[in-house]
Structure formats: structure tokens, C-alpha cells
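> With the hints as constraints, model all of the structure from the sequences given.
There are 2 protein chains.
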Amino acid sequence: MKKVHNFSAGPAILPAEVIKESAAGILDFNNLSLSILEISHRSKDFIDVMEEARALVKELMGFGNDYQVLFLGGGASTQFAMVPYNLLPQGGTAGYVNTGVWATKAIKEAKLIGNVNVVASSEDKKFSYIPSNYAIPAGLSYLHLTSNNTIYGTQMHSFPNSPVPAVCDMSSDIFSRRTDFSKFDLIYAGAQKNIGAAGATLVAVKESLLGKTGRKLLSMLDYQVHIKGESMFNTPPVFPIYVCLLTLKWLKKNGGLAWIEKINKAKADTMYDEIDRNSLFTGTCEKKDRSLMNACFLLTKPELEESFNKMWKEAGISGIKGHRDVGGYRASMYNALPLESVKALTDVMKEFEKKHA
Amino acid sequence: MKKVHNFSAGPAILPAEVIKESAAGILDFNNLSLSILEISHRSKDFIDVMEEARALVKELMGFGNDYQVLFLGGGASTQFAMVPYNLLPQGGTAGYVNTGVWATKAIKEAKLIGNVNVVASSEDKKFSYIPSNYAIPAGLSYLHLTSNNTIYGTQMHSFPNSPVPAVCDMSSDIFSRRTDFSKFDLIYAGAQKNIGAAGATLVAVKESLLGKTGRKLLSMLDYQVHIKGESMFNTPPVFPIYVCLLTLKWLKKNGGLAWIEKINKAKADTMYDEIDRNSLFTGTCEKKDRSLMNACFLLTKPELEESFNKMWKEAGISGIKGHRDVGGYRASMYNALPLESVKALTDVMKEFEKKHA
Numbered sequence: 001m002k003k004v005h006n007f008s009a010g011p012a013i014l015p016a017e018v019i020k021e022s023a024a025g026i027l028d029f030n031n032l033s034l035s036i037l038e039i040s041h042r043s044k045d046f047i048d049v050m051e052e053a054r055a056l057v058k059e060l061m062g063f064g065n066d067y068q069v070l071f072l073g074g075g076a077s078t079q080f081a082m083v084p085y086n087l088l089p090q091g092g093t094a095g096y097v098n099t100g101v102w103a104t105k106a107i108k109e110a111k112l113i114g115n116v117n118v119v120a121s122s123e124d125k126k127f128s129y130i131p132s133n134y135a136i137p138a139g140l141s142y143l144h145l146t147s148n149n150t151i152y153g154t155q156m157h158s159f160p161n162s163p164v165p166a167v168c169d170m171s172s173d174i175f176s177r178r179t180d181f182s183k184f185d186l187i188y189a190g191a192q193k194n195i196g197a198a199g200a201t202l203v204a205v206k207e208s209l210l211g212k213t214g215r216k217l218l219s220m221l222d223y224q225v226h227i228k229g230e231s232m233f234n235t236p237p238v239f240p241i242y243v244c245l246l247t248l249k250w251l252k253k254n255g256g257l258a259w260i261e262k263i264n265k266a267k268a269d270t271m272y273d274e275i276d277r278n279s280l281f282t283g284t285c286e287k288k289d290r291s292l293m294n295a296c297f298l299l300t301k302p303e304l305e306e307s308f309n310k311m312w313k314e315a316g317i318s319g320i321k322g323h324r325d326v327g328g329y330r331a332s333m334y335n336a337l338p339l340e341s342v343k344a345l346t347d348v349m350k351e352f353e354k355k356h357a
Numbered sequence: 001m002k003k004v005h006n007f008s009a010g011p012a013i014l015p016a017e018v019i020k021e022s023a024a025g026i027l028d029f030n031n032l033s034l035s036i037l038e039i040s041h042r043s044k045d046f047i048d049v050m051e052e053a054r055a056l057v058k059e060l061m062g063f064g065n066d067y068q069v070l071f072l073g074g075g076a077s078t079q080f081a082m083v084p085y086n087l088l089p090q091g092g093t094a095g096y097v098n099t100g101v102w103a104t105k106a107i108k109e110a111k112l113i114g115n116v117n118v119v120a121s122s123e124d125k126k127f128s129y130i131p132s133n134y135a136i137p138a139g140l141s142y143l144h145l146t147s148n149n150t151i152y153g154t155q156m157h158s159f160p161n162s163p164v165p166a167v168c169d170m171s172s173d174i175f176s177r178r179t180d181f182s183k184f185d186l187i188y189a190g191a192q193k194n195i196g197a198a199g200a201t202l203v204a205v206k207e208s209l210l211g212k213t214g215r216k217l218l219s220m221l222d223y224q225v226h227i228k229g230e231s232m233f234n235t236p237p238v239f240p241i242y243v244c245l246l247t248l249k250w251l252k253k254n255g256g257l258a259w260i261e262k263i264n265k266a267k268a269d270t271m272y273d274e275i276d277r278n279s280l281f282t283g284t285c286e287k288k289d290r291s292l293m294n295a296c297f298l299l300t301k302p303e304l305e306e307s308f309n310k311m312w313k314e315a316g317i318s319g320i321k322g323h324r325d326v327g328g329y330r331a332s333m334y335n336a337l338p339l340e341s342v343k344a345l346t347d348v349m350k351e352f353e354k355k356h357a
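Residue numbers (my numbering), protein chains in the order written: chain A, 1 to 357; chain B, 1 to 357.
No wet-lab data here; the hints were simulated from the structure. Please note that the accuracy of each hint is not assured.
Each pair may be met inside one copy or between any two copies, as identical chains are not told apart.
[Claimed, not checked] The calculated BS3-like cross-link candidates involving lysine-lysine, where the alpha carbons are at most 25 Å apart (straight line), are:
#	residue 1	residue 2
1	K206	K183
2	K313	K108
3	K313	K44
4	K105	K228
5	K288	K3
6	K111	K249
7	K58	K249
Predicted model only: the values in this text are computed from it and were never measured.
As C-alpha cells, this is what we get:
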């Protein structure tokens, strides 16, 4: 099989051993002579998968029994609705920091349920930075952040001390670095970037936060129902959760968050050093807010686009087309992307400069 | 690999070639040198998967462009909420036929949204039959049916002519037989029995039914949002949908609903003939309402349980323990279960009778 340098923004690259093991589990899971696709989610074999995955998340987050971990269906987009539905009482106001398209979508859903106060926004400069030094009113029901913004290549490198319960959408940078997860009362993330396969969504929530809106909740949108059901109120997305378990085990086995942070920093340094050094490229966002996960950059001579595209495609590079809102290029460097792939891309950029500068 | 006769009630057996192909797609999808787990859902390769799966469902249902087909996350349990949320206006009343635990759960969610009229129920006899000859008031917003009831082994062998829009949860018998799907305005089904892997849910809905409640809908619970997004409003459960496509192709290639109905009838006949013939077993529900998918039966001498359990386990049979609400045994005979497996079970039942009668 030819080598592809997979910079896809998500669903994204997974560790090679996870791919191999998950395919093996489809053919024969746990030597049961059955596929993981064909067994009951109530079987001991799958309950073990679910429980190990939930426990690993707690361990990586450093959480005790006051937090509950769930693997749900519906994607982070369902969490945009579930967060206000579960946390925003009648007449209450939720605070949101608007750092891009995904935060905007979260705000839209919250407004269908209650009042929203956008306490900070970077919309004025096309979301090319992370707002700082904003006030967080103490009367808010919660504060909602988006830790990483794939489209713009921005990332929060620190989190505010919130006087109210803090919620974070970590879909695109969860488990990419050491993080003080305890700053948050609720964290959610779609699985398809750093933790597994599309179809599963991770939620970690402080249980004491729940059940306080006075609202009668639809069962599938009620965190307490899922907690009571031990993340199996209904048939969960079995295989995507299995891929999460394999990926979390890979992360832990290799050294956890400290290990992956070092690798992710090396990849980002390599990438941004080249963007800044190379006269034919320029970054799109404020340097201090650059994401370790997604590097966005433009050609300084847009007329050379075709030539550059040809070169990276020939080098086996895939998935670096920028989002239509920003244009140019986006190199997504999620956990499983090897440094070697980033070097392959920066090599092409160097060669491209030699050819055209 | 040893042969297992997989009677699991769901997630359930899939065709051997689907298992093989889906594992291959994880290692290398469409000769891209990439896993299907690692590609963008917006890539042409995956859009083709989604569109082919949606088109095959329409073809198998005989639907034209007035119906829209979606593959969503969240399971049939999310549909329990989405149906009334999208179809039941303020002050309206929905009709439900209560044929068991799953219908009861659907009723519970509908009651959180509006008024419910249970137009018929078989709860009086522990859901051991399908109600018939009930009146359907013309003023209902819709009528909700559950076509097959896994726990009790009952199935609707005909559907009422409804004067109001009809909705059917076909989770456990979809595409198991020729069906007049046009009797329904909305059909939904969790994928993990007859159409694919857990994590995907099929919805087919007549578009003209939607947008009439006056309610402002949360995006992820709004069928119109998903229709507009061509079933990709957010990142869909990519791999479970791929397994659906492979299973639907398998079904079509082999002869479609007429073909599978013949096989399913042969399996059910073999199973029920043995239950009725064998003095040591008895069926649990009314004969006229017996399900082609799930045969529930009890030992006439419960003291022989251990001996019977030992025998079927030794024969490589898996997953026939009955649901706790009914007890005894349940042989789930979904589309992918071969007649050979049913014969393996009835052979054990015959042997068991010889030994103990």
C-alpha cells in the first residue's frame, strides 16, 4: 500500500495499529468467532469495552467519581443542544465565547432554549484570534468555550478562571496536550479527530451540575438518563466506541498527554517555522493563538496555486485544502499524524520556494 | 474460525461478505491507501457511499421523490422523540398502538411533547398478541406503530388503513419481507438488526409532512435540517453507514425483498414447526401474530433448563437466551441468519426431546 500523508481535518488519521486492530475485531472479536459488529451491546465483551473506554477517559482527564463519562451518538452538534437543554433554566442566561463557525452553531442552539450573552467574540477579524481579558458575569448559568477552531487554525492556550460552571467543546484538540480538565464542569468532543471514529461523541460531566433546570427532558437528550444507563440507555454506536478504546489505549501505552504534547509541539513548530521562513507562504491567524492541531496558511503569490497543488499531490500529501471560509491551505496535525508527514509537507514547501522564488 | 450460529437479538448477525468487505474498507477504502475511518465525510468517496445507500433504500421501499431518506445517529430511541417533536403540534394528539416495551418508550417521549391517545394495546396479555380492529380517530396528528416486537416475538402481518399520517418503527423487521411501505408517511429503523451496524438509524419521511408544528426546532432534531444537509448536516456515523450500504447491496444483488422473504419464511416455518411439534417446548405468543424475526419459546419442563442450555451451547449456538420480561428462549432470525443455523437449533431441540421425553 502506498504511503499517504493524511492531513484530513476530520474524520482524520488514526494510529496504524488502531486501524489494524479494529479491522481484526470486525473479522473476529476477542476470539469469539464473532464480529464486534454482530454481538450484543449487553454482552460482557462489549460492556468491558465501554467500561474500559470510560475509565481511560477519566484517567487521562484526572477526574474522580464526581465526573461521569459517556460515549453517545449524535455528534458534537447534538451537544450544542444538550448543553443548554440540561444546564440553562427558564429565564437563565448562558455565556458563550464566539471563536468561529462551530461556536456560532452552539450559540444558535442555545438561543432556541434560553438567553445567550456572547461575552467575547473574534468575529470582527474573521475569527483569526482568540479573545482575551473578557469579563465573565457571575450570574451566568454557564460559560461555553471552544478550545480549538479547525477552520481558522486558532487554539486556546490557556483557559479563563470562570466564576460560573464552564463547558468546553474540545472536539478538535482533546487529548492533544496536557490540560487542566478540572477547569471545566462539562467537556464534550466528537470522536473523529483525536479519539476514534465518526459516530461516537465523548461527554465528561460533573454530575452535581445536572437536574436543576426544572425542565422535563426528552430521554435521549438527558445526561442523567445516560448516566443511569451507564452510557447504554440505548444501543450505543458500538464499533466507533471500540475504535475510541483502541486509540485511548494507544495514547496511554505510549506515554499519555505529556508524550503526545511533545510530539504535537514538534510537528507544529516544524510547520509554523516553515510557514514563517518561506517567502511564498503566510499564516492566517495571530501567532500567539496558533493551533497545534490545524495550521492555516496562504500562498503569497496566489497565481502559483496550481503549481503548488501539483507538487504536494505528487508527494503523497492528502487533505490540505483550506476551508472555504479562509481559503488557502490547512494542515491538520492530529495526534496520529507522524512528524514525518509534516516534514514531507515542509520539504515540498522548501522545494516549491526554490523553484519559484 | 469455528462456526457460530448467531441468534443475537441485536446488534445481530450480518452477511459474511459484508463483514469481510467492511474489514477490508477499514484497511484500504476504494484503493485510496486510506481507511474509511480516516477520510473526510465530504470527500467524493464517502458522498458516493451515502448517496448510494439513500438511493437503495428508496428503491427497496419503492419510493419516489416525495420521500426523503436519511441516515442519522442517535438510534431509534432518538426517533421516539423526533417523531412527535416534528409532527405533533401544540394541542394536537398523536395515536399510538402499544405492542410492547419499545412502543411504551415511544409513547413516553411523545407525552413529553403533546397529547397521546393509545388507540390499542396488548398490555393486558403481556404483549403476547397484536391488537386488531381498533378505531383510528380522524383527528389524530399521526398514528404510530411498531411493526415487530423483539421481546415478545410478535409481528404485524398487515397494517391498518390509517386516515391520518402513519409512522412505523421498523427497527427489528425492516427489509425482511415484501412490504407496502407507501402505507407510511414516516418509517424509521435502527440499523443493527437487518441493515447494518449499530450507530446508524434509517429514516424515510414524506417531506410534505414536515414543518407544520409551529415549533422552533433544535437543529439536530429537525428532519428538515437533515434533509437540507443531504443527511450530512453534521459528521454522520461514517462507518456504520458504510456497513448499511454493503448490506443493502447484498440484499439487492441476491434478489431483494421477495428473495429474503422466502428465506425468512422458511426459517420461521422450520423454527415454529419444531416448537409446536416438540413436547418439551411451547411458544409464548398468539400463533397468528408470530414474528418471522424473533421466535420466543419456553421449556414445558423448566427443570430441564440446564441440560438444554448445555446442549445448544455445545452445538455452537449463541444468543438465544430470552429477554427477562418473557424468560425462556428467543431465536432471532434476522436476514443474515442462514437456514442452516435454524436447523442446527431445531436439531438440538429434537435431540433434547429424545433424551428427555
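> With identical chains, the pair K313 and K108 could be close in the same copy or across copies; at 25 Å between alpha carbons, which is it: within, between, both, or neither?
neither (38 Å within a copy, 54 Å between copies)
> Using 25 Å as the alpha-carbon threshold, which applies to K206 and K183: within, between, both, or neither?
Result: close within a single copy only, 11 Å intra versus 46 Å inter.
> Using 25 Å as the alpha-carbon threshold, which applies to K288 and K3: within, between, both, or neither?
neither (33 Å within a copy, 59 Å between copies)
> Classify it for me, K105 with K228: is the Cα-Cα distance of at most 25 Å met within a copy, between copies, both or neither?
between (29 Å within a copy, 16 Å between copies)
> With identical chains, the pair K58 and K249 could be close in the same copy or across copies; at 25 Å between alpha carbons, which is it: within, between, both, or neither?
within (13 Å within a copy, 41 Å between copies)
> Between copies, within a copy, both or neither: which fits K111 and K249 at Cα up to 25 Å?
Neither, since 38 Å and 42 Å both go past 25 Å.
> Within, between, both or neither: how does the pair K313, K44 come out at a Cα-Cα threshold of 25 Å?
between (46 Å within a copy, 17 Å between copies)
Comparing the model with each numbered hint stated earlier shows that hints 2, 5 and 6 do not hold.
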